[in-house]
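Participant: As a plain string of letters, each chain reads:
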Amino acid sequence: MKLRMPNPLRATLALLAFALCLRPVLAADAAPSLDQRVAALEAYVTNGDPGKALTGVPGPGHNAWMMTSAALVLFMTLPGLALFYGGLVRRKNVLSVLGQCLGIAGLVTILWWAVGYSLVFGRSFSGGTLGRFLGGTEYFFLRGVTSAPNTDYAFWVSQNVFAMYQLMFAIITPALIIGAIAERMKFSAILLFMTLWMLVVYFPLAHMIWGATGLMNGVWNPDAAVAAIDFAGGTVVHMSSGWSALILCLVLGPRVGFGKEKMAPHSMVLCMVGTGMLWVGWYGFNAGSAVAADGIAANAFTTTTIATAVAAFTWGMIEKVLRGQPSILGFCSGAVAGLVVITPATGFVDTTGAVIIGICAAVVPYVSVNKLKAWLGYDDALDTFGVHAVGGTLGAFLTGLLATGAVNGNLTSGAALKNGLGRLVTEGGLWHEQLKAIGVTLLLSVIATFVLALIVKAVIGLRPSPEVELQGLDLAEHGEEGYILD
Amino acid sequence: MKLIVAIIKPFRLEEVKEALGQVGIQGMTVTEVKGFGRQKGHTEIYRGSEYTVDFLPKVKIEVAVPDEITAKVVASIVQAAKTGKIGDGKVFVLPVEDAVRIRTDERGDASL
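Chains as they are written, first to last, in this note's numbering: chain P, 1 to 486; chain R, 1 to 112.
Be a bit skeptical, because a hint or two may be false.
Claimed, not checked - Result set (PhoX-like, lysine-lysine): computed pairs, CA atoms no more than 20 Å apart in a straight line:
| id | chain 1 | residue 1 | chain 2 | residue 2 |
| --- | --- | --- | --- | --- |
| 1 | R | K2 | R | K34 |
| 2 | P | K262 | R | K34 |
| 3 | R | K34 | R | K60 |
| 4 | P | K260 | P | K92 |
| 5 | R | K40 | P | K262 |
| 6 | R | K90 | R | K2 |
Honestly, the hints are just simulated from the structure, not real lab data.
Using the sequences provided together with the hints, build the complete structure.
Facilitator: Have a look at this one:
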């Protein structure tokens, strides 16, 4: 038999065809091209999708900023809020405030690890109705939460860092409620109530606004039924805690001696120290909510500064005009109010918007704190409702009026083009969606708190005995004195 | 022997102490107290909650003296503590039955 030599031209073509067929297989294992690698590095700088070249790798700058931000937000609770509230109560109750902050920090961390993070930021419930209100179960016990980014929320931030960052929000929200019920609620009742409240109010609300499949996540969920926006938590954190605080303090009733006894702050010094810590920490709260060290974070950093300073000064000046003297408590309250009101708007408004927000943040909460409480007679001990509920609601609404795509392109691109948000931002009418989000938040907080408060009251009771309350919670509940002066 | 009790404004304490030294008084007892007479207190306002503080800080000086110099001591206290403004305070003179120096057991005027 004679072997036929293959035609050289046909052989070459056959080899070429074979090689071309292999190319896709080879490409999958092949290193990314130089172009892809450069594009991935550029994506690191611009906070974009790295594509195939750098998947699963966090970006050092973004990650560093988020770790710092998480620490800053924890600092807001321990010891920022602890001192802010601690200084405002009477000396015999100062440790009870510190203890409540510490207890809540530990309790919420355990809840977050076990189920919280997953219920807020998971996806496994998506496709069903439940998915609009809760995330999923896939991250229970932080399974699968590693140093690789979860691209639902960030291309360049480790998911574990993101989870820890969000944990700090979950911690401070219930801690804010403490202000309204200070000096008259049992430690055990607080822990039980907060456990239930996180499950029923916070986790669903945080998912609805910030979860990838959330009902009211206008910026990131193309299927959001309510195209609302909330950059750092005007609804999730301040409205929820503030309105819940009101209901809880009404169910609890006023402190013994309210209206008759002197209940002045025992240390305005501690209160101011706490205020400073809250302000500085809030940079992590607001600018960190960009989940990147980018231009949006830079804008949030700026608007936070301006709104807060304007609000603090304005509140002081209002007092000077109406009362003759600006008080330290006035400056501190103004600063906190400014921080609260700018929270939902911070990454969505420009500096002019920040000034407007700052002025409104002083004027409206000033009235709710100084006049409303006196008119209606409820004992919101440290003005959680007056500042956080009123401020958060005001901020959420003003965000609808002042948001602009000029400082945040996400408002007019991506998911925002599918769920109507982009059109509302450019043509107006966003405030309508904001009102819907405000309504949902308010109803959920109020109804759930009322029911949960009654449950806790029935199971273990809410208030200590009048003797304990008069002696002061520190000794009775914690066996310690805040100051031993002799 | 007499016990002289004087309630004065706290910032006059140094002057009174010096004046007493000049009339020969070597020792005294001083307490920080609160009180009011015709001088009114002040009002503090915390976020719309008003508190009227009636009591003002004062200093109480107690010094035991022999009868002979009582009038001189009272006069020097009054002169040193006076500012002419409301709230200057008062001086009381009480009789003393006996006095003892603990270290030496001396009694009466010798113990002062």
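Participant: Are R/K34 and R/K60 close enough, with their CA atoms no more than 20 Å apart?
Facilitator: holds, 9 Å
Participant: Check whether the Cα positions of P/K262 and R/K34 lie no farther apart than 20 Å.
Facilitator: holds, 17 Å
Participant: Is R/K2 within 20 Å of R/K34, Cα to Cα?
Facilitator: violated, 24 Å
Participant: Can the restraint linking R/K90 and R/K2 be considered satisfied, given a maximum Cα separation of 20 Å?
Facilitator: holds, 16 Å
Participant: Is the Cα-Cα distance between P/K260 and P/K92 20 Å or less?
Facilitator: The hint holds at about 18 Å.
Participant: Given the hint that R/K40 pairs with P/K262, does the C-alpha gap stay at or below 20 Å?
Facilitator: holds, 18 Å
Checked against the numbered hints above, the structure violates only hint 1.
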